[in-house]
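Protein chains in written order, with our numbering: chain Z, 1 to 327; chain P, 1001 to 1327; chain R, 2001 to 2348; chain H, 3001 to 3348.
Treat the hints with care, as some may be off.
As the list claims (entries may be wrong) - Restraint-style ranges between C-beta atoms, simulated for each label pair:
| # | chain 1 | residue 1 | chain 2 | residue 2 | range |
| --- | --- | --- | --- | --- | --- |
| 1 | Z | D21 | R | P2264 | 34 to 42 Å |
| 2 | Z | D21 | R | Q2047 | 46 to 54 Å |
| 3 | P | E1022 | Z | P304 | 41 to 49 Å |
| 4 | Z | P304 | P | K1195 | 49 to 57 Å |
| 5 | P | E1016 | H | R3149 | 52 to 60 Å |
What the hints assert, rightly or not - Computed cross-link-like contacts, SDA-like style, restricted to lysine to any residue with a CA-CA straight-line distance of at most 25 Å:
| # | chain 1 | residue 1 | chain 2 | residue 2 |
| --- | --- | --- | --- | --- |
| 6 | Z | K244 | Z | Y284 |
| 7 | R | K2270 | P | P1050 |
| 8 | R | K2348 | P | F1309 |
| 9 | P | K1322 | Z | F282 |
| 10 | Z | K39 | H | F3045 |
Since the hints were derived computationally from the structure, they do not count as laboratory data. This structure is a prediction, so every number in the text was calculated from the model and none was measured. We put the CB at the ideal spot given by N, CA and C, even for glycine.
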Amino acid sequence: MRTVTFIEAITEAMKEEMERDERVYVIGEDIGIYGGVFKATRGLQSLFGPMRVIDSPLSENLIVGSSVGAAAMGLRPVPEIQFSDFITPGMDQIIQQAAKLRYRSGGSFSVPLVIRVCCGGEVGGGLYHSQINEAWFVHCPGLVVIAPAFPYDAKGLLKAAIRDENPCIYFEHKKLYRSIKQEIPDTDFTVPLGKAEIKRKGKDVTIVAYMLMVHKSLEAAEKLAKEGIECEVIDMRTLLPIDKETILESVKKTGRAIIVQEAPKTGGVAGELSAIITEEAFEYLDAPIKRVTAPDTPPIPFSPPMEHFWLPNADKIIKAVKETMAY
Amino acid sequence: MRTVTFIEAITEAMKEEMERDERVYVIGEDIGIYGGVFKATRGLQSLFGPMRVIDSPLSENLIVGSSVGAAAMGLRPVPEIQFSDFITPGMDQIIQQAAKLRYRSGGSFSVPLVIRVCCGGEVGGGLYHSQINEAWFVHCPGLVVIAPAFPYDAKGLLKAAIRDENPCIYFEHKKLYRSIKQEIPDTDFTVPLGKAEIKRKGKDVTIVAYMLMVHKSLEAAEKLAKEGIECEVIDMRTLLPIDKETILESVKKTGRAIIVQEAPKTGGVAGELSAIITEEAFEYLDAPIKRVTAPDTPPIPFSPPMEHFWLPNADKIIKAVKETMAY
Amino acid sequence: MPVNTKIASKAKEKLSAPFSAEEGKKLYYYLLKTRTVDEANRKFFRQGKLLGTYFSAVGQEATTVVPTFLSRPTDAIGPSHREIGCSITRGIPLKNMLAHLMAKRTGMDKGKCHPCHYGGSEYRIITPASTMAAQTVVVTGCALAFKIRGEDNIGLGFFGEGATAQAGWHEAMNFAGVQKLPIVYICQNNLWAESVPARLQAAITDYSDRAKAYGFPGITIDGNDVVQVYVTVKEAIARARCGEGPTMVECKTYRWYGHSEIDPADYRPKDELEGWKKKDPIPRFEKYLMDQVMLTPADKTKMVADIEKELEEAFEFADKSPLPAPEEALEDVYAPGTFEDWVKGWLK
Amino acid sequence: MPVNTKIASKAKEKLSAPFSAEEGKKLYYYLLKTRTVDEANRKFFRQGKLLGTYFSAVGQEATTVVPTFLSRPTDAIGPSHREIGCSITRGIPLKNMLAHLMAKRTGMDKGKCHPCHYGGSEYRIITPASTMAAQTVVVTGCALAFKIRGEDNIGLGFFGEGATAQAGWHEAMNFAGVQKLPIVYICQNNLWAESVPARLQAAITDYSDRAKAYGFPGITIDGNDVVQVYVTVKEAIARARCGEGPTMVECKTYRWYGHSEIDPADYRPKDELEGWKKKDPIPRFEKYLMDQVMLTPADKTKMVADIEKELEEAFEFADKSPLPAPEEALEDVYAPGTFEDWVKGWLK
Ligand SMILES: Cc1ncc(C[n+]2csc(CCOP(=O)(O)OP(=O)(O)O)c2C)c(N)n1
Ligand SMILES: Cc1ncc(C[n+]2csc(CCOP(=O)(O)OP(=O)(O)O)c2C)c(N)n1
Ligand SMILES: [Mg+2]
Ligand SMILES: [Mg+2]
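Between the sequences and the hints, there should be enough to build the whole structure, so can you do that?
The structure is reproduced here in structure tokens:
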């Protein structure tokens, strides 16, 4: 066992998969010589050369689209989107190509690729270096949407995604890169796609979260435990397909649910999760499902007071839990 | 009063607004000489000339993005996206520019434009001529998302949108173009943005829908009325901002809610509406909120048996209503 | 190959054919087959036998058939909506193509996609989406894969002049230039993109000028001259295959009918079509071959008969094929064996 | 203006200056001010006075200051992240610029956007997004508006060589060509896009070659030669203003520091910077003006003093300005008076 940061886990996953399988390559802006703006691909180009660690032009559509073609020819591309804010120029290739090539060809083509997307706020990134935009992809059948919160999961899920035959989109929260460490095994491991995990057991209320918000939820849960409220914290890990069972089982036990989402409220993933719970565990609910999210403004205003006001945090989760418990 | 089709209502709205306000112009593919692939802009170029009815190159990013710039200079562009399936190459300009220029400039710039998007299925359009993709935009604060179901609303909302100072995206369901007629006044009128409307009164169950699905819901409601079940059918008309009041008031009365959405289930607008109801009218609910939607596959498989299986229709709504009533 | 050479005239000057009689005959066969099938499909469409719509490529056969004819089965093809000639020449069976047009289970897409979107991995033809130029990006990725793997396969990217205005097209071309990818881009400039004339699509006359912006050769040729297409594309393919990078070949050609069969195309000047019909690539090539004594009337008669027979059988096969079952809508969303519960859960 | 003229040498040959002494002095003032403020901002950043990051444009001043200087206040500017020179020359007050860098309420964006994204409708500078090349599309739309309205305003679109690889950039340039829009595109080719060298961005040496693909003139000049930039852009603006359509001017220049202040830029060859520092546009222009007796050392001394004073006051203003209140996050989502309940409902 060894302790690694979140970003080290990601780098290791890529390196090991590239060693294991010569079909794997990475492509993106500034990922070669520079090793990526956050250094996720540091050292890879000197190990694998410029044809497996490709510094692309400033072209998100090409970064994704060329990967679709290479995947269709049997390679396993791992394209990087430098910031999720810049995923919009690549949307066409993600939505219309990566997610639909298998379906539209009647299953003839496979598109095994993993789009790594650096995302998220609480780093003072402002309007164009803080977005996540995960909800769009959760509404895109054919994609697998991954959103880890811990180094172990980050590594295991990235490896699983690279080995998977489906087009995956893998969100990495930049705030986690260096702020979260964890012990991980020295040996090869994967984490199954499509499975949530309970990160903290509890009987009173279920908190469902992903990425940075898992940590905020755990922080809230610790504080609430001191007041005698035991929260069960579910880390979704994969956002599509959704692991309904884990959520429903927990809610059936606790009877109360809070969903935490970093993005603006309306039209986000939290709404979907809430709808699923209402649909499938209505009779177990002792209180309305609450969502703790950002407000409906463009993500995320730059100036610190506004960013702080905007982002969900432990205090806001605690408030929601208490309201739910008091219902 | 005169009877017009849905598409005639749209054409009239553009024509009248162009006559009223010389800042209004339209731009898009095949909209000039050809009058649009569905003829929505028929006759406009001969009335207003090629600089106010602009045949653009095959460039969705430009169609939207140039409109942002022209709007920032005080014009009122009405760009057209020929099929919503082809909106993805324009996503960057919609999400990062149109929706955010006001916010990021601290309110300095206004972006009064209306992106008309032809969308929807049940016309045998297959995977790339049937999409709606409305959910992405409902998750984009700064935009106004409009989705009419009737000629009167189509005309009134389009006029209101053109006069509004905000960037609007206006979805037109192609199945409605020629299948739905309605009497409308001869005089100028608008329909307020952000307001839903009850299209049928009922006491037993609330059905919330938009665009084509309003008609499916009304069809279901008629049939159910014969069996003694009175459905209240709400036509959302605007999807962002959401008119919570109309929905909540209705659900508080009926205690039961069905949400109908043409798009694939997961991550769609129906989930958001369900979450709002649970959050704000939980204690009034006598049964779980049900969603009637398409399955989680790419929208929409081409072959008729699959398209029929895939699309929500009156029978599926009736089934859901009965299950809800029997709860 | 010179950069931006206009209307190459090499082929014309050649006295002897650049191919053997056998090759010439085969090429003619594919051209004829493409024309015959395309016209038959139009007829089937009018008879209500096909579903959705139909995009005819009549008049443009040389630009799709010849490059595909010159390619290897392992070369990747990125077609658009008007590339029936690629499919026929690469060998997608007519019966599956017809079934595709009828949205039958036995179509290559199992009835899922949209008419005239021919493709399949076994043919290395990327099943197209309708989103213009998207396959140009995808097939550029195929070429990248070949380069990464060190294989000598190439990519063939087809697009109309309209598609060159698209965002992604630019990114693909630019990247192909930077990476010197093994790919040949064929621009079928048929002067119209639906109702939009080429002059409203770009402020240039020869779209091959665009290649210069990406640092590789662009050449404009008469796309209705089979021999010229043959010679030009052959050289471009050779360049690509030996690592000299991409070429863009602009073929001036013309779409005889509407954008699709439901388009009367009345936005076009009346006499334009007549002029282009005189430049029909197939009789021109037929005359060329007959002049060179590479093709006899008897050959042609046999070909016509063969094609008719195959077409008839194909039609029958397709017509009798079942439509997909409704629940087949839930197939092929994810790879076999993955997330089946998620998708099929719908049926519960 | 010829298409694709390489390194125009007109200006050099001119013996007399193409501008009056007063103009020359003013131009020098803006260049000096831009340099001084930019270096001061770097210092403030290191001192922890600014928030987020900081994008310096030191070394590239001529390419932003001169075109803006040549424009009218009603001409629209579409900048990117390295266009401090546009803002200073167009007259955004330093105090608001500093406040913007400190994310204060008194910044033009009221603390909402991202550092160095200077703009505002009163200056007709499109407040930039960070999405590269997006403003190129937007400012092309401004030019379209001028053409629709029949005004003789023009657009000035700024982008780096990296941004020319972007999807939307292509669509904008193409449309400007088709519509002959009144716009001048300034490509600041500083050889690097973050860590990516220009050779990995495109397989061409002169990015002005790209203009040819859009049917309008492209010209490559020494972007560190103020006089050359002046002469070239002046002509391009005149063309645009009188309806002759767009021009793309590629200015070869160099970014002295890292991509942003947190980038050590150690991916660049050691001696590259030194070579470019010798070509510093400001001393070059200073010498030129002094040679032409258009500028005296006393003029310069006064300018320096004026700028320092303004800067000091601006810093003080910004430093003392309040940060936005938390709830100001809910302002400016929709137009005043519209949907306020929806956004502000959050506070309940
Ligand atoms: C991204 C996108 N936008 C719009 C369309 C609608 N559309 C289909 S074909 C076409 C014109 C294509 O013209 P061209 O590329 O010249 O090909 P041609 O039809 O002439 O063969 C358009 C606008 C589309 N399919 N994709
Ligand atoms: C669409 C998009 N992709 C990626 C980025 C990240 N990024 C910011 S600046 C930059 C390089 C820009 O290079 P260039 O256009 O040459 O401008 P320069 O920084 O050299 O002035 C990149 C890749 C971005 N801002 N937008
Ligand atoms: Mg065409
Ligand atoms: Mg640069």
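For each hint, the structure was consulted:
1. Z:D21 / R:P2264: 34 to 42 Å: violated, 54 Å
2. Z:D21 / R:Q2047: 46 to 54 Å: holds, 51 Å
3. P:E1022 / Z:P304: 41 to 49 Å: For Z:P304 against P:E1022, whose Cβ atoms are near 45 Å apart, the range 41 to 49 Å holds.
4. Z:P304 / P:K1195: 49 to 57 Å: violated, 37 Å
5. P:E1016 / H:R3149: 52 to 60 Å: violated, 21 Å
6. Z:K244 / Z:Y284: holds, 15 Å
7. R:K2270 / P:P1050: holds, 22 Å
8. R:K2348 / P:F1309: holds, 14 Å
9. P:K1322 / Z:F282: With a Cα-Cα distance of about 17 Å, the restraint between P:K1322 and Z:F282 holds, given a limit of 25 Å.
10. Z:K39 / H:F3045: holds, 23 Å
Violation of the numbered hints given earlier is confined to hints 1, 4, 5; the remaining hints are satisfied by the structure.
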